[in-house]
Every structure is written in C-alpha cells, then in structure tokens.
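*Asks:* Take a look at the letters that make up each chain.
Protein chains: 2
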Amino acid sequence: MNTDSELQNPEWRSSCPIASGLDILGDKWSLIIVRDLIEHSSRTYSEFASSPEGISTNILASRLKWLESLSIIERINPDKPSRNNAFQLTQRGKALRPVLEELGKWSQIHLKEIHPTIVKII
Amino acid sequence: MNTDSELQNPEWRSSCPIASGLDILGDKWSLIIVRDLIEHSSRTYSEFASSPEGISTNILASRLKWLESLSIIERINPDKPSRNNAFQLTQRGKALRPVLEELGKWSQIHLKEIHPTIVKII
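Chain order of the listed sequences is A and B. In case it helps, the numbering used here puts the first sequence at residues 1 to 122. In case it helps, the numbering used here puts the second sequence at residues 123 to 244.
Just to be clear, a hint being listed does not mean it is correct.
Unchecked claim - Below, a list of computed lysine to any residue pairs in the SDA-like style, where the Cα atoms sit at most 20 Å apart:
hint, chain 1, residue 1, chain 2, residue 2
1, A, Lys112, B, Lys234
2, B, Lys234, A, Asn9
3, A, Lys28, B, Pro132
4, B, Lys227, B, Ala217
5, B, Lys227, B, Asn207
6, B, Lys234, A, Lys28
No lab work stands behind these hints, which were simulated from the structure alone. The structure displayed is predicted, hence computed values, not measured ones.
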C-alpha cells in the first residue's frame, strides 16, 4: 500500500458514483493497465511497457503507483519490490471487468465507422 | 457536425476497442456530460455548467465541441446555434448508458470505503 497521503485521498468532485469513478479512472491510461491485467492475469513493468499503445515509462510508473494506492492492483511479491515485480488485480480491480466489457462493446459497434482497424479483444 | 478535421480524426493508439473508447472518452469530463444528458434528456450550456462537479466554461465548450464532432451529442436546433441551444444524445451517445451504469455500480460498491458521501444517482 502506498503511503503517499495525496494518493490515498482522491479529490472527489461530487457524491455521484459516475463522477467519482472518473475522478480516479478518468484518464487515457489507467484502464489500459487494468485491461492488460484482465487479459494476462499478471504483468511486469516491462510487459506493460510493451503493450501496443506505447505507454511512456513515467506515465506507467505514475499510474501503477496510483492504482496500487487505491488497491485496484497489487504487487505479487510486495516484500521484494523491484522493477521486475509483477502486478495483479485485486478483487476491486477484477470488479472493473464489466466496465471494460461495456466500453469495448460500445467501441466495436459505434467507432467502426471512424476507426479503420478496430478489432475485438476481450 | 463540427468541421474541424482534427476533431473528426481522433488519434487511435491501437486497434483495441477498449483503448479506442479511452482515446475519445478517457478524461474526467466527457462522460459527465453524457451522464447529464442521460439524466435530463436535454441540457443547455448553462445547465451543464451548474452540475455539482463545477466544470469550467472552457472545458465545457471544448468537450461539447468534441462530443458533437463524434456524433455522441447533437444540438436540438442546429440551424440556430447559440449559447442557449440545448444538446441531446444521439443513438451513439445513448448507447453509452451501460458503460456509465457499470462504472456507477463499481464505484458505489468499491469506493464507499474511501468516499464518505458517495450516493446512488442512476
């Protein structure tokens, strides 16, 4: 668990659950990391970096820290932290699967006209 | 329909539908606008601005233009554009409802420990 107090106290814009979900996951990368862990069960830093979206190392490090602080992901061997540690989803993280599935379904149907190479992944 | 070519050609990071959805909706505000239109059917600029999250006017204008360019929202009276025009969801926008519902459900269950005032909205 990350001890940075800022990370553990997100700024909530309102009491709306949708807005609150976006407060912590409303960016282009956090759910890509969750997606990789749904597909692959566990993933090291360098494996995340090799995903086709080409996440930069500083954004990857920042998002991993953020998702770990929220107990959405966790290190498999927390006692031996290193760059080669693999991460996995917690129960809280695994529970995001329906959100990703609905987003993926929507995109497949509604973006195919404007995205020439979109495919089905999960 | 917005004629800004940049707006109509999002940069796709990959062929993954989840990543592609996040390419266009992965921010803290776009889905708040969609949420408001699911709740209220139609919404003017000033009504969006009065939502509890306190969106700034420049972000609101930018996101409305973006969502309109993607045919996720549309003006109710497109022939008379003005700041008082109301917006509504297109079919493509209405189809985002399950994404928001799953995100809201996840947040209600998994954020209640860290969000003292989270409530059920839709």
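*Asks:* Please go over all the hints and tell whether each is borne out by the structure.
*Replies:* Status of the hints after comparison with the structure:
| no. | hint | result |
| --- | --- | --- |
| 1 | Lys112/A to Lys234/B | 36 Å, violated |
| 2 | Lys234/B to Asn9/A | 13 Å, holds |
| 3 | Lys28/A to Pro132/B | 13 Å, holds |
| 4 | Lys227/B to Ala217/B | 17 Å, holds |
| 5 | Lys227/B to Asn207/B | 32 Å, violated |
| 6 | Lys234/B to Lys28/A | 24 Å, violated |
Violated hints, listed in ascending order, are 1, 5, 6; each of the other numbered hints is respected by the structure.
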